[in-house]
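> Next come the chains, spelled out residue by residue.
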Amino acid sequence: MTQTVLEIKGLKKWFPITGGLLGRTRGYVKAVDGVDLEIKEGETYGLVGESGSGKTTVGRCILRLIEPTAGEIIYRGQDITKLKGDAFRRVRRKFGIVFQDPYASLDPRQTIKGALTEPMKYHKILESEEEAVEKAKDLIKRVGLNEDHLYRFPHEFSGGQRQRIAVARALTTDPDLVILDEPTSFLDVSVQAQILNLLSDLQKEFNLTYLFISHNLSVIEHMSNRVGVMYLGAMMEAADKEIIYRRPEHPYTHALISALPIPNPALTHERVILSGDIPSPVNIPSGCRFRTRCPYATDHCKEKEPPLEARQPGHLVSCHYELKLSAPIPLAETSRKT
Amino acid sequence: MNFHTYAGEVKALDGVTFLVKKGEALGLVGESGCGKSVTALTIVGLLPENASVAEGEIMLEGQNLLTITHDQMRKVRATKIAMVFQDPTTFLNPVLTIGEQLEEVFLLDPERLAREAAHRNIEIGKEEPGRGAAVHKLPKSQQKKVAKALSLDVLNQVRLPDGERILKQYPHELSGGMRQRCMIAMALARNPDLFIADEITTALDVTIQAQILELLRELKRQLSGSTLLITHDLGVVAELCDRVAVMYAGNIVELAEVKELFANPLHPYTQGLMRAIPMIDRKLERLETIPGSVPDLIYPPSGCRFHPRCPFAFEKCKLEKPELLHVEKGHTVACHLYGEGKA
Amino acid sequence: MQRPSTWSPAIAEVKYALHLLVQNKVVLVGTIIAVSVLVTAAIGPVIISPEVANTIYLPGRLAPPSNQHWLGTDDYGRDLLQVIILSTRLDVSAGLIIVGTDLLIGVLLGAFSGFIGGKFDEGMMRVTDIFFSIPGLVLALAVAAALGRGLNNLIVAIIIVGWPGYTRILRGQVLAEKERLYVDALRSLGIGRFRIILRHIIPNTIYPVLVQATLDLGGIILTFAGLSFLGFGASALTPELGRLITAGQQYIFQAPWLVAFPGVAILIISLAFNLMGDGIRDVLDPRLRR
Numbered sequence: 000m001t002q003t004v005l006e007i008k009g010l011k012k013w014f015p016i017t018g019g020l021l022g023r024t025r026g027y028v029k030a031v032d033g034v035d036l037e038i039k040e041g042e043t044y045g046l047v048g049e050s051g052s053g054k055t056t057v058g059r060c061i062l063r064l065i066e067p068t069a070g071e072i073i074y075r076g077q078d079i080t081k082l083k084g085d086a087f088r089r090v091r092r093k094f095g096i097v098f099q100d101p102y103a104s105l106d107p108r109q110t111i112k113g114a115l116t117e118p119m120k121y122h123k124i125l126e127s128e129e130e131a132v133e134k135a136k137d138l139i140k141r142v143g144l145n146e147d148h149l150y151r152f153p154h155e156f157s158g159g160q161r162q163r164i165a166v167a168r169a170l171t172t173d174p175d176l177v178i179l180d181e182p183t184s185f186l187d188v189s190v191q192a193q194i195l196n197l198l199s200d201l202q203k204e205f206n207l208t209y210l211f212i213s214h215n216l217s218v219i220e221h222m223s224n225r226v227g228v229m230y231l232g233a234m235m236e237a238a239d240k241e242i243i244y245r246r247p248e249h250p251y252t253h254a255l256i257s258a259l260p261i262p263n264p265a266l267t268h269e270r271v272i273l274s275g276d277i278p279s280p281v282n283i284p285s286g287c288r289f290r291t292r293c294p295y296a297t298d299h300c301k302e303k304e305p306p307l308e309a310r311q312p313g314h315l316v317s318c319h320y321e322l323k324l325s326a327p328i329p330l331a332e333t334s335r336k337t
Numbered sequence: 000m001n002f003h004t005y006a007g008e009v010k011a012l013d014g015v016t017f018l019v020k021k022g023e024a025l026g027l028v029g030e031s032g033c034g035k036s037v038t039a040l041t042i043v044g045l046l047p048e049n050a051s052v053a054e055g056e057i058m059l060e061g062q063n064l065l066t067i068t069h070d071q072m073r074k075v076r077a078t079k080i081a082m083v084f085q086d087p088t089t090f091l092n093p094v095l096t097i098g099e100q101l102e103e104v105f106l107l108d109p110e111r112l113a114r115e116a117a118h119r120n121i122e123i124g125k126e127e128p129g130r131g132a133a134v135h136k137l138p139k140s141q142q143k144k145v146a147k148a149l150s151l152d153v154l155n156q157v158r159l160p161d162g163e164r165i166l167k168q169y170p171h172e173l174s175g176g177m178r179q180r181c182m183i184a185m186a187l188a189r190n191p192d193l194f195i196a197d198e199i200t201t202a203l204d205v206t207i208q209a210q211i212l213e214l215l216r217e218l219k220r221q222l223s224g225s226t227l228l229i230t231h232d233l234g235v236v237a238e239l240c241d242r243v244a245v246m247y248a249g250n251i252v253e254l255a256e257v258k259e260l261f262a263n264p265l266h267p268y269t270q271g272l273m274r275a276i277p278m279i280d281r282k283l284e285r286l287e288t289i290p291g292s293v294p295d296l297i298y299p300p301s302g303c304r305f306h307p308r309c310p311f312a313f314e315k316c317k318l319e320k321p322e323l324l325h326v327e328k329g330h331t332v333a334c335h336l337y338g339e340g341k342a
Numbered sequence: 000m001q002r003p004s005t006w007s008p009a010i011a012e013v014k015y016a017l018h019l020l021v022q023n024k025v026v027l028v029g030t031i032i033a034v035s036v037l038v039t040a041a042i043g044p045v046i047i048s049p050e051v052a053n054t055i056y057l058p059g060r061l062a063p064p065s066n067q068h069w070l071g072t073d074d075y076g077r078d079l080l081q082v083i084i085l086s087t088r089l090d091v092s093a094g095l096i097i098v099g100t101d102l103l104i105g106v107l108l109g110a111f112s113g114f115i116g117g118k119f120d121e122g123m124m125r126v127t128d129i130f131f132s133i134p135g136l137v138l139a140l141a142v143a144a145a146l147g148r149g150l151n152n153l154i155v156a157i158i159i160v161g162w163p164g165y166t167r168i169l170r171g172q173v174l175a176e177k178e179r180l181y182v183d184a185l186r187s188l189g190i191g192r193f194r195i196i197l198r199h200i201i202p203n204t205i206y207p208v209l210v211q212a213t214l215d216l217g218g219i220i221l222t223f224a225g226l227s228f229l230g231f232g233a234s235a236l237t238p239e240l241g242r243l244i245t246a247g248q249q250y251i252f253q254a255p256w257l258v259a260f261p262g263v264a265i266l267i268i269s270l271a272f273n274l275m276g277d278g279i280r281d282v283l284d285p286r287l288r289r
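Protein chains in written order, with numbering that gives the first Met the number 0: chain E, 0 to 337; chain D, 0 to 342; chain L, 0 to 289.
Honestly, the hints are just simulated from the structure, not real lab data.
Bear in mind the structure is a predicted one, so any value in this text is a computation, not a measurement.
Stretch-level coverage of chain E by chain L, calculated; a stretch enters the list once three of its residues show a Cβ under 8 Å from a Cβ in chain L: (1) 85-93; (2) 102-109; (3) 114-127.
Quick reminder that beta carbons are idealized off the backbone N, C-alpha and C, glycines included.
Kindly produce the complete structure, drawing on both the sequences and the hints.
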């Protein structure tokens, strides 16, 4: 039984909205509103959602770049939400993160060598300058760049190269779990392919566990083992990749997968088009938050929020009804078995 | 066409040739920096100050857009071409209501308003009721009335049935998807012959994008104009376009009907691109990548601009730039592999 | 094909800035004059012995400009030109010390205040508010008077008045900078706030403050000379431009050059630095909006 690296229970992050003369709290932006998930060692957990889903906020809460409002974040059995100071710093080293925007995630005035050696020296992982530089050289080569790139500045690199540097930087503290927050969204298709391949290779080499956050369903399908689908701050469905993409049971997952434009004009399929827009996280619909756009919503959905429950082992769904939904995407060969 | 910058001359477009047939949707695909947006901006005449067109012509129904006067160009932009951009927030004026902005567009073509007024028998006051062809311009207040009626029509066309209310709203009060529809409405308002859409679904969420794609499909069926659809997303292209042109580093490298292109990509770049996309259903451990990166257009590679990254490159590719040649059934490629039987 | 660009971004910006700077004629003139002033200040006491300031030769006093004394002599018989040259060093270095110290204080306080926020920031804002509510010159006068006469006291007084300005500017920059993604990246690597502020935030936000400092230099020199004129700071024989004017006041009708020339010197110095500062600001301004 593989170890659970990270478990999140009931995570909430509410941002207060202040207003009025007295600066009272008028309401909350409920970015994350009760999220559970579990990531096992060595796997890639894909977290999918559209804007307002809260997926990026989840990533930031794990690292405590933002402090969670409620809930537990359990890293290898230890709740890290309450840790402070040195104890927390020691745990933080075990996490790595690659951000979405390669043009903003590096200090423009720092050389790559500086960017890579700084965390090592700060955490006293490696004492001397020489050792740190050696390791930096090693890492930079491992991500596909050259040693002399160490002495350059971020602005001299393309987006794809900067992401490689970001990946190298994430690895400087020998992390366990790497959070990838839309790492390829800003990159061109061909560059994206290079970076995704790099990430796969590194995962095998260093035995890393990934939390891959993205809105791009094709990328998630390619990279993930398990997938969690978020909507307006909560988890709608979580299961192994095959199930999510072929036999989803939540209507949102179904619509999401079917909405994907397929780069193959020979295949056409009936698309599920959801009506209306995504509600604002300030005004989350009562009961089931998806009901305003759900083609199957009933009055009951207005009253009670469905809990996230396991329909089968490993397949969690948050819906009052057991719906039999069609395959969301056309299958290329008709002989494919379900 | 080139950009003049402090760092050097950026040779952005290096001989781009294509045509858009009446009523069809042509997709212009490529990665960032390939010049697709720049091509569109050149057509519409909205290039920044440091840009200049070195040579070439852009023919719209017999008129060369590169040689006409500013005033003529403005008229063309008002009535013949409409362009819609990726980011509706910067495109829509935040201090005007949607109604006011739509009105602005309609008021650009007073002759049309007069025609519509007669056509719909809209009250135009006590003077000269329905004199049709003789009345070229209505008084301002009447123009606004007609404009409003037309606005409601066009909002309906983009599936925003709550037109009356939306006309009174400001852009920030609407969601991203709705803003995008308003932008499309403003483009349709001109009844354009050519509709240019520059990455209009890129910034949208997947489910909203699906709505907009559905809308565009509908509109394409209903309207007679042509569309130039610029995108980097091959999925969108497969959904909407009749023909596709693939661009790389300022050149068109392949052009074909959409089914043909996907079934039988000829240019090595197109092939590489298709293999690099993660597609649901393809069980691949690793994606195939195109080695190297997009060239610096200040010092572009000699000959074929793709040769440094091409797995099939040979001597000629370094020396001579390949021409766009017709291979079969409307499928053209710019590659030495297919010229003069050199495969 | 590689473009040669392994300069640090700071150097590349400076090169581009200089390129633009050269294009504005007025600013160019100002900058050239400012640089000449700095050179004069540096080498002045080297080519002209400081002893000249202390050499009193009463028979030759109050002589009008002539071939021997290009700018005439003052009431101690000193050659005015030589004294003025010697004074540039005093005034310019006073200006530099004041602005430099204010920068140091302002940058450190502003950066920590902006980054850490909370009560410390609140407190700092109130303190700077208090300083802002009193007109600078008045405050400087008051402090100078309280501290007593003397050059050092005057310098301290002006320093005390000047630091809140830089603090505020830098704090504003830091508030924006700390939201940037690379700061999140550093924090997620576990790097502490101290280091982030000193090694990352400050180098990235210091530009506008440096520009403001160059703009202020002219004004500070003027203030320093002005307060010296009023009697604070320099004593009788010390070669200082304000002091020279004080001394020359009484002879304004007999020997107007005693007031005119030092006055013009102050004018040129502060105008030159102002123009240079203006130029730097214009050139860097659009690029400051990052």
